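Residue numbers (the working numbering), protein chains in the order written: chain A, 1 to 380; chain B, 1 to 380.
Since the hints were derived computationally from the structure, they do not count as laboratory data.
The structure presented is a predicted model; accordingly, all values stated were derived computationally and were not measured.
Do not take every clue at face value.
In this list, chains with the same sequence are indistinguishable; a pair is considered to hold if it fits within one copy or across any two.
Unchecked claim - Pairs of lysine to aspartate or glutamate residues, derived as EDC-like cross-links and limited to a Cα-Cα distance of at most 20 Å, are as follows:
{"#": "1", "residue 1": "K300", "residue 2": "E73"}
{"#": "2", "residue 1": "K295", "residue 2": "E73"}
{"#": "3", "residue 1": "K295", "residue 2": "D117"}
{"#": "4", "residue 1": "K120", "residue 2": "D182"}
{"#": "5", "residue 1": "K120", "residue 2": "D152"}
{"#": "6", "residue 1": "K171", "residue 2": "D108"}
{"#": "7", "residue 1": "K300", "residue 2": "D117"}
{"#": "8", "residue 1": "K300", "residue 2": "D79"}
{"#": "9", "residue 1": "K228", "residue 2": "E261"}
Number of protein chains: 2
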Amino acid sequence: MFSYTLEATEGSARAGTLSTPHGDVPTPAFMPVGTQGTVKTLVPEEVEALGARMVLANTYHLYLRPGEGVVRELGGLHDFMRWRGPILTDSGGFQVFSLAAIRRIHEDGVDFQSHIDGSKHTFTPESVMEVQRALGADVIMAFDECPPGGCDRRTAEAACDRTLSWLARCKTRFEALEQEADGLHQALFPVLQGNVYDDLRRSHAERTMALGRWKGYGIGGLSVGEAKEDMWRTLELLDGVLPPDRPRYLMGVGYPDDLLEAVARGCDMFDCVAPTRNARHGTAWTSAEGQVNLKAARFKRDTAALDATCDCYTCSRYDRAYLRHLVVASEWLAMRLLSIHNLRFLVRLGEEARERIGQGTFERWRVEWLERFRNERSSQ
Amino acid sequence: MFSYTLEATEGSARAGTLSTPHGDVPTPAFMPVGTQGTVKTLVPEEVEALGARMVLANTYHLYLRPGEGVVRELGGLHDFMRWRGPILTDSGGFQVFSLAAIRRIHEDGVDFQSHIDGSKHTFTPESVMEVQRALGADVIMAFDECPPGGCDRRTAEAACDRTLSWLARCKTRFEALEQEADGLHQALFPVLQGNVYDDLRRSHAERTMALGRWKGYGIGGLSVGEAKEDMWRTLELLDGVLPPDRPRYLMGVGYPDDLLEAVARGCDMFDCVAPTRNARHGTAWTSAEGQVNLKAARFKRDTAALDATCDCYTCSRYDRAYLRHLVVASEWLAMRLLSIHNLRFLVRLGEEARERIGQGTFERWRVEWLERFRNERSSQ
Numbered sequence: 001m002f003s004y005t006l007e008a009t010e011g012s013a014r015a016g017t018l019s020t021p022h023g024d025v026p027t028p029a030f031m032p033v034g035t036q037g038t039v040k041t042l043v044p045e046e047v048e049a050l051g052a053r054m055v056l057a058n059t060y061h062l063y064l065r066p067g068e069g070v071v072r073e074l075g076g077l078h079d080f081m082r083w084r085g086p087i088l089t090d091s092g093g094f095q096v097f098s099l100a101a102i103r104r105i106h107e108d109g110v111d112f113q114s115h116i117d118g119s120k121h122t123f124t125p126e127s128v129m130e131v132q133r134a135l136g137a138d139v140i141m142a143f144d145e146c147p148p149g150g151c152d153r154r155t156a157e158a159a160c161d162r163t164l165s166w167l168a169r170c171k172t173r174f175e176a177l178e179q180e181a182d183g184l185h186q187a188l189f190p191v192l193q194g195n196v197y198d199d200l201r202r203s204h205a206e207r208t209m210a211l212g213r214w215k216g217y218g219i220g221g222l223s224v225g226e227a228k229e230d231m232w233r234t235l236e237l238l239d240g241v242l243p244p245d246r247p248r249y250l251m252g253v254g255y256p257d258d259l260l261e262a263v264a265r266g267c268d269m270f271d272c273v274a275p276t277r278n279a280r281h282g283t284a285w286t287s288a289e290g291q292v293n294l295k296a297a298r299f300k301r302d303t304a305a306l307d308a309t310c311d312c313y314t315c316s317r318y319d320r321a322y323l324r325h326l327v328v329a330s331e332w333l334a335m336r337l338l339s340i341h342n343l344r345f346l347v348r349l350g351e352e353a354r355e356r357i358g359q360g361t362f363e364r365w366r367v368e369w370l371e372r373f374r375n376e377r378s379s380q
Numbered sequence: 001m002f003s004y005t006l007e008a009t010e011g012s013a014r015a016g017t018l019s020t021p022h023g024d025v026p027t028p029a030f031m032p033v034g035t036q037g038t039v040k041t042l043v044p045e046e047v048e049a050l051g052a053r054m055v056l057a058n059t060y061h062l063y064l065r066p067g068e069g070v071v072r073e074l075g076g077l078h079d080f081m082r083w084r085g086p087i088l089t090d091s092g093g094f095q096v097f098s099l100a101a102i103r104r105i106h107e108d109g110v111d112f113q114s115h116i117d118g119s120k121h122t123f124t125p126e127s128v129m130e131v132q133r134a135l136g137a138d139v140i141m142a143f144d145e146c147p148p149g150g151c152d153r154r155t156a157e158a159a160c161d162r163t164l165s166w167l168a169r170c171k172t173r174f175e176a177l178e179q180e181a182d183g184l185h186q187a188l189f190p191v192l193q194g195n196v197y198d199d200l201r202r203s204h205a206e207r208t209m210a211l212g213r214w215k216g217y218g219i220g221g222l223s224v225g226e227a228k229e230d231m232w233r234t235l236e237l238l239d240g241v242l243p244p245d246r247p248r249y250l251m252g253v254g255y256p257d258d259l260l261e262a263v264a265r266g267c268d269m270f271d272c273v274a275p276t277r278n279a280r281h282g283t284a285w286t287s288a289e290g291q292v293n294l295k296a297a298r299f300k301r302d303t304a305a306l307d308a309t310c311d312c313y314t315c316s317r318y319d320r321a322y323l324r325h326l327v328v329a330s331e332w333l334a335m336r337l338l339s340i341h342n343l344r345f346l347v348r349l350g351e352e353a354r355e356r357i358g359q360g361t362f363e364r365w366r367v368e369w370l371e372r373f374r375n376e377r378s379s380q
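Please put together the full structure from these sequences, using the hints given.
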């Protein structure tokens with residue numbers, strides 16, 4: 001039901017295809033985030049039309065609202081949110097650490113209070129497997145401990161050990177659940193931790209690999225505040241350790257430039273809330289001018305498309321003057337139209353990277369692309 | 001360029017077609033409100049798909065942001081908001097009275113402060129014609145004084161006199177502007193005032209009719225807090241006074257039941273922010289259960305369509321359980337999906353009324369429909 005085929009490489013960059021029960025995902029692939037079972041402001045037809053093949057949903061949010069039991073009763077997440085393609089759910093761990101009001105980590109799991117109503121809950125490796133099974137995503141993530149960026153070595157090491165012990169428990173529960181003859185087939189990805197400590201990163205990856213023949217790997221604990229060089233060095237290290245025939249999902253990344261840097265270092269799957277969050281703030285990525293904020297007065301009478309090279313609905317249909325008006329007037333349609341564009345921008349970046357890797361022209365293109373994008377951004 | 005053809009009547013109810021430079025509008029017709037040049041959260045394709053033929057935009061808002069000069073430079077409101085069909089703009093008067101922070105009415109016009117930034121502005125009958133010409137809608141409204149509901153007779157009478165004197169000035173400026181060979185053809189509708197005072201209503205309508213051969217009439221000063229019986233009596237009175245071969249636009253109405261009552265009393269065109277405003281609050285109209293609030297716990301696992309008889313995108317694609325989840329989770333997609341449904345509900349009501357009037361079965365259907373809708377609503 002699950003496979004990953006590596007189709008081309010250029011240096012460490014990889015083009016492949018992840019096959020799931022709900023369809024194939026050509027990689028590198030950016031996955032739009034549908035936190036609460038909806039990619040904010042968009043309908044599934046739009047997400048599909050902008051080229052996304054796989055979306056992400058958040059276990060923490062759906063567990064709290066409407067509850068995984070309700071989602072299961074309603075046919076699982078695919079039926080619930082009307083998304084026919086592959087879905088990945090995270091473990092909820094990251095949200096517990098970043099959103100929940102109060103939490104206490106102990107060996108058995110994490111106690112926390114809902115950020116919505118203060119009610120008390122506990123996530124354990126086992127319960128997180130059960131919740132993700134009820135939700136019914138194609139790819140589910142192991143419950144991990146992600147310490148804050150900039151944590152000391154001792155904290156990072158303890159988090160690695162705990163993540164590993166929780167992974168073994170996730171695996172046991174996951175395998176038991178997979179025995180249920182309910183027609184649902186999921187792939188469990190472990191999450192690699194170790195912060196920016198090379199030896200921890202290496203040993204945690206190796207110990208994780210020794211624990212099972214995983215269908216893919218989540219790379220966690222990055223893009224949490226560390227220096228960019230630390231992220232790139234960690235990805236290069238992992239590229240030398242992880243099996244080439246498994247997809248690598250760099251969790252929570254990223255911005256267009258980070259995505260390309262990570263592709264160059266062997267990563268295949270990405271997710272980030274930046275496209276929709278930036279849209280809410282009136283910010284968009286463009287090929288010719290880098291990152292722009294539509295509020296700028298210079299767009300007031302600008303009849304050009306937001307991004308002349310973009311094939312998204314927003315760019316084919318509206319001009320910057322109208323988009324600026326919507327942003328300035330706080331019209332919700334602004335977020336919708338900019339979300340479509342920003343998501344398409346990242347999805348298209350994955351598509352183009354894939355094409356370039358196949359042609360062996362990725363590295364040259366990447367360097368030029370990054371230089372242009374960063375220069376433009378800094379000149380705004 | 002403008003004509004109104006009366007095609008069928010049943011009692012006072014009328015079915016007709018308003019022809020404009022941007023297409024025909026079969027009446028009775030509900031016009032979605034696109035206050036700031038966008039029907040909130042929706043794109044023009046969606047507004048068209050839900051059957052709306054004409055939309056409304058607000059002069060006050062567009063004058064302040066982005067400014068009518070910008071809209072004109074960008075090709076006028078049709079190009080600006082990508083709406084190919086007919087557009088009606090109001091005069092801005094009602095918004096000045098209801099939104100602007102401070103205003104002072106004098107014989108020449110109204111001084112007011114922007115609700116956005118407190119800047120000072122003046123609307124006069126002449127300037128309002130100029131602003132609406134720059135916006136370029138098909139039907140534009142005369143600048144009127146709409147006193148608050150429940151005002152005394154003296155206030156209502158003074159407002160009638162002022163509205164009439166302003167109408168004469170609107171007409172003069174409008175006719176001068178129409179001489180400009182810029183290819184733009186607009187129809188100017190006067191606004192009838194008189195509050196709930198029958199003799200004022202009658203005399204104001206007659207004096208207005210004496211002032212020109214208008215292409216249609218706006219009925220103002222209703223749905224501003226008066227008793228429903230006062231509104232119905234006023235409409236019945238006007239039905240006996242207004243020429244049958246001109247469309248009557250009942251401004252700011254309304255809810256489904258009010259719309260049907262007004263159709264029965266000879267009104268042809270309607271607008272109201274209730275469909276989108278209710279959507280923002282999670283409220284929807286349904287044929288089988290009247291008005292419902294999706295927050296209700298009973299919808300948590302309800303896999304039925306919002307309205308089984310509705311043909312809108314929302315009802316054909318989603319169930320109540322998912323819509324409730326979106327509302328409860330404060331997802332913006334909720335407003336979008338409920339707006340589509342609520343707008344379709346009113347547009348369809350106009351379509352069905354039109355069909356029934358053609359068949360001579362309107363009155364029986366209306367009575368049954370209203371009884372069912374109101375009983376359901378009160379039983380919630």
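Going down the list of hints, with the structure as the test:
For the homomeric pair K300 and E73, the shortest alpha-carbon distance between copies (11 Å) is at most 20 Å, but the shortest distance inside one copy (49 Å) is not. Taking the shortest Cα distances, K295 and E73 sit within 20 Å of each other only across copies (19 Å), while inside one copy they are farther apart (44 Å). For the identical chains of this complex, K295 and D117 are inter-copy neighbours only, at 16 Å across copies versus 35 Å inside a copy, given an alpha-carbon limit of 20 Å. In this assembly of identical chains, the alpha carbons of K120 and D182 never lie at most 20 Å apart, being 31 Å within a copy and 68 Å across copies at closest.
For the identical chains of this complex, K120 and D152 are neighbours neither inside a copy (29 Å) nor across copies (58 Å), given an alpha-carbon limit of 20 Å. Taking the shortest Cα distances, K171 and D108 sit within 20 Å of each other inside one copy (15 Å), while across copies they are farther apart (79 Å). For the identical chains of this complex, K300 and D117 are inter-copy neighbours only, at 18 Å across copies versus 42 Å inside a copy, given an alpha-carbon limit of 20 Å. Proximity of K300 to D79 under the C-alpha cut-off of 20 Å is restricted to the inter-copy arrangement: shortest distance 15 Å between copies versus 42 Å within a copy.
Taking the closest pair of Cα atoms, K228 and E261 come within 20 Å of each other only inside a single copy of the chain (10 Å); across copies the shortest separation is 66 Å, beyond that limit.
Hint compliance for this structure: hints 4 and 5 are broken, all remaining hints hold.
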